[in-house]
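Peer 1: Below are the chains, spelled out letter by letter.
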Amino acid sequence: MKTDPTFWLLARASGLTAYALLTASVLAGLVLKSRPFGRALKPSSVTDVHRFLALLGLGMLGLHAGSIMLDATVKMPIAGLFVPGASPYRPASVAFGVLAAELMVLIYGSFSVRKRIGGRNWRRLHWATYLVFVLGTAHGLFAGTDSSQPWARNLYLGAVGAVVFATAWRALARPTRPARPVPARPTPAPARERSA
Amino acid sequence: MYRIVIDGSLCSGFGDCADLAPDVFELDGHGKAVLRIGTSVDAAVLEAAAACPMGAISVVEENAA
Numbered sequence: 001m002k003t004d005p006t007f008w009l010l011a012r013a014s015g016l017t018a019y020a021l022l023t024a025s026v027l028a029g030l031v032l033k034s035r036p037f038g039r040a041l042k043p044s045s046v047t048d049v050h051r052f053l054a055l056l057g058l059g060m061l062g063l064h065a066g067s068i069m070l071d072a073t074v075k076m077p078i079a080g081l082f083v084p085g086a087s088p089y090r091p092a093s094v095a096f097g098v099l100a101a102e103l104m105v106l107i108y109g110s111f112s113v114r115k116r117i118g119g120r121n122w123r124r125l126h127w128a129t130y131l132v133f134v135l136g137t138a139h140g141l142f143a144g145t146d147s148s149q150p151w152a153r154n155l156y157l158g159a160v161g162a163v164v165f166a167t168a169w170r171a172l173a174r175p176t177r178p179a180r181p182v183p184a185r186p187t188p189a190p191a192r193e194r195s196a
Numbered sequence: 001m002y003r004i005v006i007d008g009s010l011c012s013g014f015g016d017c018a019d020l021a022p023d024v025f026e027l028d029g030h031g032k033a034v035l036r037i038g039t040s041v042d043a044a045v046l047e048a049a050a051a052c053p054m055g056a057i058s059v060v061e062e063n064a065a
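Chains A and B, in that order, give the protein sequences.
The numbers in the first sequence follow our numbering, run straight up by one, and end at 196.
The numbers in the second sequence follow our numbering, run straight up by one, and end at 65.
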């Protein structure tokens, strides 16, 4: 064996895993918003899962970047990992990944400065997650060397399909904005509890 | 009329409630949601309860006596 393939295998596996975790986190976020499972899922637990998946995804991104740098198959300077377009290998496709990763770090980190930037701005920034997902998908498809494999195509197709479906569900269901208020019931005392 | 209860142990200060129903909810100095009034007739409180990412807001519908 000429070169040790460990880092190359690790780079591909961690990249795909990071993408899967990002997708799962996006789905958890959408489940949190549209509550398709009603009371079966506690919102606080879904929020925890949503954030934890994102954190795991960021960890995987670190592993992805680190193993790409240490691997000899693709010669990647450190600048290529942080500066969009600085990669000698497929500069545009890698730039998508760099931008997606930096944006994801920003969105994840924005949670801790939420008070300073205000809830409204924080939620606006959260919309950029869709951009992260689109950039991440493009990066995986065009920079990834497994993209021609049927299993990889199925992974991307499944991820995009799931996010599109969950987004459509969120847009159409809109349970956070009830169309009409619940009419008051004639009986006294607590009539029913609406917890959400 | 809606009676509103905030579970302070769950609230993480996302602030969605204060944005959706600013007459009823506000964030205190620690960034946690507190009630400005205990009851409201505004259906926005239902929206706020449903939007809370932590599920910290309960709304009990009561008959106005």
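Careful: at least some of the hints might be erroneous.
To be verified - With a cut-off of at most 25 angstroms between alpha-carbon atoms, the simulated SDA-like pairs for lysine to any residue come out as follows:
#1 A:Lys-115 / B:Met-1
#2 A:Lys-42 / B:Leu-35
#3 A:Lys-42 / A:Ala-171
#4 A:Lys-115 / B:Asp-19
#5 A:Lys-75 / B:Ile-37
#6 B:Lys-32 / A:Gly-118
#7 A:Lys-75 / B:Asp-19
Stated by the list, open to error - Take a look, some chain B residues computed to stay more than 10 angstroms from chain A by CB distance:
#8 Ser-12
#9 Ile-37
#10 Gly-38
#11 Ala-56
Hints listed in this document are in silico derivations from the structure and should not be mistaken for laboratory results.
Fair warning: this is a prediction, and the values are worked out from it, not measured in the lab.
Note that the Cβ used here is the ideal one computed from N, Cα and C, for glycine as well.
Peer 1: Take the hints in turn and mark each one as holding or not.
Peer 2: Results of checking the hints against the structure:
no.	hint	result
1	A:Lys-115 / B:Met-1	31 angstroms, violated
2	A:Lys-42 / B:Leu-35	22 angstroms, holds
3	A:Lys-42 / A:Ala-171	21 angstroms, holds
4	A:Lys-115 / B:Asp-19	13 angstroms, holds
5	A:Lys-75 / B:Ile-37	62 angstroms, violated
6	B:Lys-32 / A:Gly-118	13 angstroms, holds
7	A:Lys-75 / B:Asp-19	49 angstroms, violated
8	Ser-12	8 angstroms, violated
9	Ile-37	17 angstroms, holds
10	Gly-38	14 angstroms, holds
11	Ala-56	7 angstroms, violated
The structure is inconsistent with the numbered hints 1, 5, 7, 8 and 11, although it conforms to all the rest.
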